[in-house]
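Please arrange chains B and C on chain A, whose structure you already have, making use of the hints.
Residue numbers (the working numbering), protein chains in the order written: chain A, 1 to 278; chain B, 1 to 313; chain C, 1 to 517.
You can trust all of the hints, since none of them are fake.
BS3-like mimics (lysine-lysine), calculated; alpha carbons at most 27 Å apart, straight line:
#1 K254(C) <-> K52(B)
#2 K254(C) <-> K127(A)
#3 K38(C) <-> K93(B)
No wet-lab data here; the hints were simulated from the structure.
Listed below are the residues making up each chain.
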Amino acid sequence: MQRNQPAAYLYIAPAFTIMVLFSFVTMGISFFVSLHDWDAFRGRGEFVGAGNYVRALTDLGGPFWIAMANTALYVVMAVVGVLCTALPLAMLCRKARRGQSLFRTLYFIPSITPMVVISLTWTVLLKNWGNIVDKPATALLSIALVGIWQGAGYNMLLFLAGLSEIPDVYYDAARVDGAGPLAEFRHITLPLLRNTLIFVTIMVIIGAFQVFTQAYIMTEGGPGRSTEVLALLVFRNAFMYGGQMGFASAMAWLLFAVLFVFILIQMRVFRSRKVYDQ
Amino acid sequence: MTAPTPTAPTPRPRPRPFRWGPVLALAAMIVGAAVMVYPYAFTVGASFKTRKEFSQDRHGLIPPRFQPAERIQHARGRPSALDWEGADWPVMKNYADAITYGRIDVYMLNSFFYAVVITAVQLTVNVLAAYAFARMEFRGKGVLFSLLLATMMLPPAVLLVPQFLVVGWLGLVDSFWGVVLPGFAGAFGIFLLRQFFLNIPLSLEEAARLDGCGPMGILWRVILPLSKPVLVTLGLFTFMGAWNSFIWPLVVLSDQSYYPLTVGLSLFRDDSGGDWPRVFAASVMGSGPLLLLFLLAQRYLVGGISLSGLKGQ
Amino acid sequence: MALPRKRSHRKRLLILAALAALVVWAAVDLARGTGPWKAVADYAGGLARSAGPIKPLAGALRGAGGAPKRPIELRVWDWWSPAIAEEYGTYSHELERRFEAAHPDVDVVFQAIPFGNYQQKLATGMIGRTPPDVLQVSVAWAEGLYRRGMIRPLNEFLETTPELQADQFMSSAWYHNHADGAVFGIPHIIDSACLLWNLDMLREDPQLHFMFERAPDGGPDFTRVRFDAVRDWDHFRWILKRLYKPAPPGGKAKPRYGFIMNAYSMGAGSYMPWAAANGITLQNRAGTRATFDNPAGVEALQFMIDVFYEDRVCPPFTREIESYGPFQRKEVACSMAGTFSGKYIFRNINWGGFGMTAFPPGPRGDEQKTVAWANMIAISSRCKHPKLAWEYIRMVAGPDGAALRLDLLKMNSPRLDFTGGPQWTAKVREYPFMHNMQQICAAGAPLYHTETQAVRDEMRPVMEYLMLNWGDVRDGKGKYTGCADALHHVAERVNMIYDRYNRWSRPPAPPAKEGTR
Numbered sequence: 001m002q003r004n005q006p007a008a009y010l011y012i013a014p015a016f017t018i019m020v021l022f023s024f025v026t027m028g029i030s031f032f033v034s035l036h037d038w039d040a041f042r043g044r045g046e047f048v049g050a051g052n053y054v055r056a057l058t059d060l061g062g063p064f065w066i067a068m069a070n071t072a073l074y075v076v077m078a079v080v081g082v083l084c085t086a087l088p089l090a091m092l093c094r095k096a097r098r099g100q101s102l103f104r105t106l107y108f109i110p111s112i113t114p115m116v117v118i119s120l121t122w123t124v125l126l127k128n129w130g131n132i133v134d135k136p137a138t139a140l141l142s143i144a145l146v147g148i149w150q151g152a153g154y155n156m157l158l159f160l161a162g163l164s165e166i167p168d169v170y171y172d173a174a175r176v177d178g179a180g181p182l183a184e185f186r187h188i189t190l191p192l193l194r195n196t197l198i199f200v201t202i203m204v205i206i207g208a209f210q211v212f213t214q215a216y217i218m219t220e221g222g223p224g225r226s227t228e229v230l231a232l233l234v235f236r237n238a239f240m241y242g243g244q245m246g247f248a249s250a251m252a253w254l255l256f257a258v259l260f261v262f263i264l265i266q267m268r269v270f271r272s273r274k275v276y277d278q
Numbered sequence: 001m002t003a004p005t006p007t008a009p010t011p012r013p014r015p016r017p018f019r020w021g022p023v024l025a026l027a028a029m030i031v032g033a034a035v036m037v038y039p040y041a042f043t044v045g046a047s048f049k050t051r052k053e054f055s056q057d058r059h060g061l062i063p064p065r066f067q068p069a070e071r072i073q074h075a076r077g078r079p080s081a082l083d084w085e086g087a088d089w090p091v092m093k094n095y096a097d098a099i100t101y102g103r104i105d106v107y108m109l110n111s112f113f114y115a116v117v118i119t120a121v122q123l124t125v126n127v128l129a130a131y132a133f134a135r136m137e138f139r140g141k142g143v144l145f146s147l148l149l150a151t152m153m154l155p156p157a158v159l160l161v162p163q164f165l166v167v168g169w170l171g172l173v174d175s176f177w178g179v180v181l182p183g184f185a186g187a188f189g190i191f192l193l194r195q196f197f198l199n200i201p202l203s204l205e206e207a208a209r210l211d212g213c214g215p216m217g218i219l220w221r222v223i224l225p226l227s228k229p230v231l232v233t234l235g236l237f238t239f240m241g242a243w244n245s246f247i248w249p250l251v252v253l254s255d256q257s258y259y260p261l262t263v264g265l266s267l268f269r270d271d272s273g274g275d276w277p278r279v280f281a282a283s284v285m286g287s288g289p290l291l292l293l294f295l296l297a298q299r300y301l302v303g304g305i306s307l308s309g310l311k312g313q
Numbered sequence: 001m002a003l004p005r006k007r008s009h010r011k012r013l014l015i016l017a018a019l020a021a022l023v024v025w026a027a028v029d030l031a032r033g034t035g036p037w038k039a040v041a042d043y044a045g046g047l048a049r050s051a052g053p054i055k056p057l058a059g060a061l062r063g064a065g066g067a068p069k070r071p072i073e074l075r076v077w078d079w080w081s082p083a084i085a086e087e088y089g090t091y092s093h094e095l096e097r098r099f100e101a102a103h104p105d106v107d108v109v110f111q112a113i114p115f116g117n118y119q120q121k122l123a124t125g126m127i128g129r130t131p132p133d134v135l136q137v138s139v140a141w142a143e144g145l146y147r148r149g150m151i152r153p154l155n156e157f158l159e160t161t162p163e164l165q166a167d168q169f170m171s172s173a174w175y176h177n178h179a180d181g182a183v184f185g186i187p188h189i190i191d192s193a194c195l196l197w198n199l200d201m202l203r204e205d206p207q208l209h210f211m212f213e214r215a216p217d218g219g220p221d222f223t224r225v226r227f228d229a230v231r232d233w234d235h236f237r238w239i240l241k242r243l244y245k246p247a248p249p250g251g252k253a254k255p256r257y258g259f260i261m262n263a264y265s266m267g268a269g270s271y272m273p274w275a276a277a278n279g280i281t282l283q284n285r286a287g288t289r290a291t292f293d294n295p296a297g298v299e300a301l302q303f304m305i306d307v308f309y310e311d312r313v314c315p316p317f318t319r320e321i322e323s324y325g326p327f328q329r330k331e332v333a334c335s336m337a338g339t340f341s342g343k344y345i346f347r348n349i350n351w352g353g354f355g356m357t358a359f360p361p362g363p364r365g366d367e368q369k370t371v372a373w374a375n376m377i378a379i380s381s382r383c384k385h386p387k388l389a390w391e392y393i394r395m396v397a398g399p400d401g402a403a404l405r406l407d408l409l410k411m412n413s414p415r416l417d418f419t420g421g422p423q424w425t426a427k428v429r430e431y432p433f434m435h436n437m438q439q440i441c442a443a444g445a446p447l448y449h450t451e452t453q454a455v456r457d458e459m460r461p462v463m464e465y466l467m468l469n470w471g472d473v474r475d476g477k478g479k480y481t482g483c484a485d486a487l488h489h490v491a492e493r494v495n496m497i498y499d500r501y502n503r504w505s506r507p508p509a510p511p512a513k514e515g516t517r
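Excised from the complex, chain A in its bound form (with noise of 0.2 Å):
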């Protein structure tokens, strides 16, 4: 095992092939096609330069900080109601004793429905209960609601795999020097919880970034521009107007910009898990 296998190059070479290809060539392209002005039919029309990203970052009424500003008013709700509803119904699953992997499965049902159906059926439930769908003010909630329903069971089984790795033996001591439940999660819990939190957290904002399909199927962006979310916006430019890929593409780098920070974070707590646990 010591020995260099040239041969290992083979057996890496198609997953390498394929994940260069789609990701660094793409990223490559990415970055090139927003310096022109491109049409998705046409292909490339003049160079721009910066002009672009100029385009995007200094119309400050414009649609991209619209979007920017809708999309992280979603990401705000998406971590506070993944927080508020996976981290509670985790301790009380575990709690409740009884009946926990037939809850698991209830509640993991929905991360593995399509979202187009789940969207769907949430259009006119939301539409029965208050039409909270067509009042700009709302608008955005009502999407944030879909995308928390669904993530919660994905995100409880999480948070119940870490609360299990809490050993039982700090709750017995605590309970044998007379801690209320409070104090139980403020000082064993949450620390012990930490790396848990702190991963799921990095997940939902990496994925609330991205946000498409409530959007696009609930509401279209509408009404007004209340749900206009980044990804929608990319989509838009660069599939439904003439002539606007270049455009796309540089909010798309400046979505990356904004979460490559996160994914900076998300890195560091990944190596130091791997070490924790070599």
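Below, chains B and C without anything else, positioned relative to chain A:
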């Protein structure tokens, strides 16, 4: 050896105090489960209503023809919700419409093909690469592994537009290979498999090597049989991810006979102009297969979350 | 140890026997051509032929016996889908039948794409393996598609086709289909925006009888309303106030509204006819400038807002999926719609007691106006058989096609020789609401046509905001100080869209004519 000393009679065990905690928690979980399940019940119920019944009663779970009270009223000749021409329409009409007009069966078949091909290719490619990273030494191994780590972090929304261009330059837009090709990349699977392979005891491999097996033979004879749980889990997740993918097929396809279920459902909704029961019938048919798969294989999936979520990344 | 083995052995035999029986049953069914297995096989065959990924396989298996019957495939794209209205399916089948009968080696294949996704799907399809050959194109996209190179000029074909010449069509129909000397589409239907009126409600009020056409005996003809029934905007508001009936006491019934405005898809579509009635269009012909940022444009928008907020004759705003919901439910007397709406209302509730008028002139307008558009048929630039595609266009846009559309779809034709004939008269007798369609379409100003998707996405949020939050704007708490401010803001952004469009879409070179220098 002393005689056992007489001790005081052991006190009777105190009856355990009744704790509200678990009961309340159970109640809360049941309420939550109802919240999770209600939309599905609603969808199924609405899929059996006609357009008219649905617009009159958008809230009810049970269609009028299945409500005993309404049936009795109707039978007695009193006013009921079944008083209109066509109240005796065929129960499965929405489902039949979803197939004839919505072509949901074609879309499901397409989804199946895409998902099977993507899963098969991903598993093969990932197993090979994971084995190399776990068990072989080669120049640049660390760098290449970090590169892999990096690709996993690229958000799909950012890659959408250039992927379209690359697929276009390969001449694969609006074709089967155009839909599946980007799906072959899955670094996450490589990590998962690598971690698993690392935990397989070396002694087994040594034994196989002594028997004269090359690396391929070890992979085939020793590693893979032991990896069945991880392979099944990874396969299921990949299959489900491919079945549920929406935005890439939306972007790359325009020939409707190639649409997967997700895009086909969206098209059917656009064409149905407010006929929600039909759309719901298509939704029920569309989410059926995955639900079935899930119920049959849930221990792999639910267990797999714990596996992938925290440990062994 | 022998016993368990025998049991499993027996079980295996039973399973094999059952399978064999099934196979025999299936074989018998298939051989005889009837029975459940044949139905299953037929269904599976149909499925295999429709599912894209395995179509080639299915085709290869079937075509193993020789060359396909119809080697040339003519792909026709449209947004008229049978799922929207069954008549569309009947219409396309009839076209297919006629064309395939005239050209035995051609297989016509239709694909219906939803209107909202049409451009996106077209761009993808044109890059892919099976681009369309012939396609219906809306005026909203036509010039853009031509500039992007997706549809080809038709001048060479026009020269040899006497029955499709510009002077045979209404001038408003031959407006959007050419640019820089190139004709890229042939109009086949013309539609315009219109006001829909519930004739029963008009009839209830004798003071509104002037709106009806005169019957031969001099009295009002209650099945037809005059296309110029409304004199001007003040007259319109007066009529609406008369038609509005407040809710009867008791709380159960709803009021009967005079007019319905839809804030949620409010945008250029609802605004344009009123702006046209006030004398302006949304953009200039060349697509370089927005032309609504002026007092006339502001007046038109203010008028719409006033009808809702001052006159209070409209129901509260909701997001309806179907545009004619309240009108069909007889909850409003008047609604904005199009000359194409008749067949939808007929299909939905089998009722023809409505009529259409144009939009009355505003203070700065001087005649009845609306916006009109003539959808056109075009040939894609990737069509391999342009001459064949042209034959298809001749069939569709010629007099026979127009007659077919009138018959099946109750649609108007932009051909000038159309309304003279007996077929038109007979149709109008059967569906009286169609009688003034030609007049309304002839009164149409051109619909906007440059980068309309982007323009619409700019206008819609602002219009929606104004309509939904006028109270705040009026009190000075809104995002804009008023209509003028909002329209100015929109016009600035729309001009930016036009600038960008004209920069990246330098038009292709105009087609060279044979025999010219």
